[in-house]
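Peer 1: Now for the letters of each chain:
Protein chains: 2
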Amino acid sequence: MRIGLIGYGGVGKAFTKLIVDKSSMLKEEGLNIEIVYIINSKGGVYNPKGIGYNKLLAFSNGGKSIIEDYDENKKITPDFMLERKDIDLMIELTSTNKETGEPALSYILKALENKIHVVTGNKGPIIQRYKKLEKMAGENGVHLGIGCTCGGALPSVNGGVIEMAGSEISSIEGVFNGTTNYILKEMEDTGCTYDIALKKAKDFGISEANPSFDVEGWDTAFKLLILTNVIMKEEKNLSDIKVEGITNLTPYDIENALKEGKRYKLIGRTSRVEKELNMLVKLEKVDKEHPFYNVDGKNKAVRYISDTLGELTLIGGASGTTAATASILRDIIYISRVARV
Amino acid sequence: MRIGLIGYGGVGKAFTKLIVDKSSMLKEEGLNIEIVYIINSKGGVYNPKGIGYNKLLAFSNGGKSIIEDYDENKKITPDFMLERKDIDLMIELTSTNKETGEPALSYILKALENKIHVVTGNKGPIIQRYKKLEKMAGENGVHLGIGCTCGGALPSVNGGVIEMAGSEISSIEGVFNGTTNYILKEMEDTGCTYDIALKKAKDFGISEANPSFDVEGWDTAFKLLILTNVIMKEEKNLSDIKVEGITNLTPYDIENALKEGKRYKLIGRTSRVEKELNMLVKLEKVDKEHPFYNVDGKNKAVRYISDTLGELTLIGGASGTTAATASILRDIIYISRVARV
Chain A
1 MRIGLIGYGG VGKAFTKLIV DKSSMLKEEG LNIEIVYIIN SKGGVYNPKG IGYNKLLAFS
61 NGGKSIIEDY DENKKITPDF MLERKDIDLM IELTSTNKET GEPALSYILK ALENKIHVVT
121 GNKGPIIQRY KKLEKMAGEN GVHLGIGCTC GGALPSVNGG VIEMAGSEIS SIEGVFNGTT
181 NYILKEMEDT GCTYDIALKK AKDFGISEAN PSFDVEGWDT AFKLLILTNV IMKEEKNLSD
241 IKVEGITNLT PYDIENALKE GKRYKLIGRT SRVEKELNML VKLEKVDKEH PFYNVDGKNK
301 AVRYISDTLG ELTLIGGASG TTAATASILR DIIYISRVAR V
Chain B
1 MRIGLIGYGG VGKAFTKLIV DKSSMLKEEG LNIEIVYIIN SKGGVYNPKG IGYNKLLAFS
61 NGGKSIIEDY DENKKITPDF MLERKDIDLM IELTSTNKET GEPALSYILK ALENKIHVVT
121 GNKGPIIQRY KKLEKMAGEN GVHLGIGCTC GGALPSVNGG VIEMAGSEIS SIEGVFNGTT
181 NYILKEMEDT GCTYDIALKK AKDFGISEAN PSFDVEGWDT AFKLLILTNV IMKEEKNLSD
241 IKVEGITNLT PYDIENALKE GKRYKLIGRT SRVEKELNML VKLEKVDKEH PFYNVDGKNK
301 AVRYISDTLG ELTLIGGASG TTAATASILR DIIYISRVAR V
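Protein chains in written order, with the UniProt record's numbering: chain A, 1 to 341; chain B, 1 to 341.
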């Protein structure tokens, strides 16, 4: 399988390392991965015969910016790659724009049009145009892998699309955000205020410098939106979700919940009531009988409720770059099995 | 997709009903199922153009034994079907023989040899000869769906094969048996003895007339064996598993566990320690932080631990004929997607 990788940050670099580490497993799987392009915003590497693993590793580990390495005097860009079309699959890991989905959206569309499979970890284009992308993939007989956009290692998309196949899903709910999980656990364990727990999350690098995206519930909302549109085949927008964060939670609230034997979780939920779809992100108290009771720290979870296959809860999804990368590889293996690339 | 169904008990009958109930969903999926054969031990129905849904429903609901309905004067048997080879997929639901896997094993082998996909709910052949069957499927470019053999609606096989793809799994553990789950919960809730709880399970039709298979841990062991051989690519036998049941548990044990905030679960576990594989079925006490704490009654669960994708716990899997049937349909949909039948 000939792969072009665009976007070469932490996950991209970890991917090139992962396929070296996993080379014997990939061989057993019958999957021969050749990375033909690595492209970032500064330039790219291209070797039509496959970029050597040693060179890959040097790039991955050395932290050097990518150099151009192609005999013609051309800049290696995504457009260059998508014009040559000499790959089977594009890994798209460029930076996210959730308003427009660009430039990833255009790259993905162009790849699919050219019968190139795509695996992406980018929420932007999926939020903006999933239905169009999926249609384009179907018309061109290729696949679009999006597992990494919704919880990384937690197979939340597959959980709905593959594991609940043939059933009608009436509810999707989950604990999708690691930062809020960390903050809530810290408040429970130490009795501290929200601000102190947030500071700790920042100090430990768990929270981003600007945490509002996580703590105000938007990250959860985006993941819920993707799962809803993909699994329930809807075309909802962010404005269809009632979003609430965790910023107003007090130690007093936490203490009262613990007295009741309950824990707060930031839950995203889409439920079908009659013909209406109800979508919200909300702090809820759950007791020890609830499947999300133990979902804290780095764990995430999703629960589906269906007609014929009953309920299914998936809990897990290690955090971090390795896990995100491994979820990209999971999608690639799936595509190689189904499309026999 | 032309389907031949052999074994026409509860699940087989429910299947013919399910595909009528799900006809609009199947159409959306692009999956056109025609049932061409229905065969049981007494005879069979065959219509090369597809057995009409009304006739199917009459058979399913009417409880009539299957009649022969073919213009030539031949008995409709699995061998007859496998000689004509005019199907894409065989659903194999004949009765289980765990010692030999027969006659299902021969039917499945013959189908795969003839490039016919197979979906089975039958543990016997999978326990006996999975590796050979899988190899045969691979060589003939067809698929073998076995989701129904390990927990029905709980996607335990897919959980390992698809959702952990690309990672190395060091541990498989699960709560796989409904009857023991019911008995343990009854003992916890009422403080009754094992014998009283077992009687209740029999009275409610939860336990089989001969419950030893469940309560002595063998059903759990069989499922663990299948998951281990399929997901870890091993060739283990039942004799490799140290099996312990729940028959010696006393109300005193239960009471003590509850005092510690713990619950007993019958857990099957395969774990890799260095190069050794350790397999056991054992009653264990779990506390409320354990992912299996809430797995009781009809629920089942499985947890995988891996190198790159972390931990994944799947909880769910409604019991009963509908759920088992829906898990057969899930495998068929998967095959139709990957093989484009």
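Treat the hints loosely; a few may be bogus.
Remember, identical chains collapse to one label, so a pair may be satisfied in a single copy or spanning two.
[Stated by the list, open to error] Cross-link-like lysine to aspartate or glutamate pairs, in silico, EDC-like; alpha carbons within 16 angstroms at most:
| hint | residue 1 | residue 2 |
| --- | --- | --- |
| 1 | Lys-110 | Glu-134 |
| 2 | Lys-202 | Glu-139 |
| 3 | Lys-202 | Glu-260 |
| 4 | Lys-135 | Glu-28 |
| 5 | Lys-202 | Asp-307 |
| 6 | Lys-262 | Glu-289 |
| 7 | Lys-74 | Glu-216 |
| 8 | Lys-288 | Glu-208 |
| 9 | Lys-285 | Glu-113 |
| 10 | Lys-135 | Glu-29 |
| 11 | Lys-242 | Glu-284 |
| 12 | Lys-17 | Asp-307 |
| 13 | Lys-298 | Glu-139 |
| 14 | Lys-288 | Glu-260 |
| 15 | Lys-285 | Glu-260 |
| 16 | Lys-233 | Glu-29 |
Hints are computed from structural coordinates only; laboratory data are not their basis.
Peer 1: Run every hint past the structure and note whether it holds.
Peer 2: Evaluation of the provided hints:
1. Lys-110 with Glu-134: Result: close within a single copy only, 13 angstroms intra versus 37 angstroms inter.
2. Lys-202 with Glu-139: neither (45 angstroms within a copy, 53 angstroms between copies)
3. Lys-202 with Glu-260: Neither way: Lys-202 and Glu-260 sit 30 angstroms apart in one copy and 37 angstroms across, limit 16 angstroms.
4. Lys-135 with Glu-28: between (33 angstroms within a copy, 13 angstroms between copies)
5. Lys-202 with Asp-307: Classified as neither; 42 angstroms inside a copy, 27 angstroms across copies.
6. Lys-262 with Glu-289: For Lys-262 and Glu-289, the Cα distance is within 16 angstroms both inside one copy (10 angstroms) and across copies (13 angstroms).
7. Lys-74 with Glu-216: neither (44 angstroms within a copy, 70 angstroms between copies)
8. Lys-288 with Glu-208: This pair counts as neither: shortest intra-copy Cα distance 30 angstroms, inter-copy 31 angstroms.
9. Lys-285 with Glu-113: neither (46 angstroms within a copy, 55 angstroms between copies)
10. Lys-135 with Glu-29: This pair counts as between: shortest inter-copy Cα distance 13 angstroms, intra-copy 29 angstroms.
11. Lys-242 with Glu-284: within (14 angstroms within a copy, 42 angstroms between copies)
12. Lys-17 with Asp-307: Between copies only: 14 angstroms across, 42 angstroms inside.
13. Lys-298 with Glu-139: neither (38 angstroms within a copy, 41 angstroms between copies)
14. Lys-288 with Glu-260: Both. Shortest intra-copy (10 angstroms) and inter-copy (15 angstroms) distances satisfy the 16 angstroms Cα cut-off.
15. Lys-285 with Glu-260: Cα proximity of Lys-285 and Glu-260: one copy only (9 angstroms, versus 24 angstroms across).
16. Lys-233 with Glu-29: Intra 32 angstroms, inter 12 angstroms, cutoff 16 angstroms: inter-copy only.
When each numbered hint is compared with the structure, violations occur for hints 2, 3, 5, 7, 8, 9 and 13.
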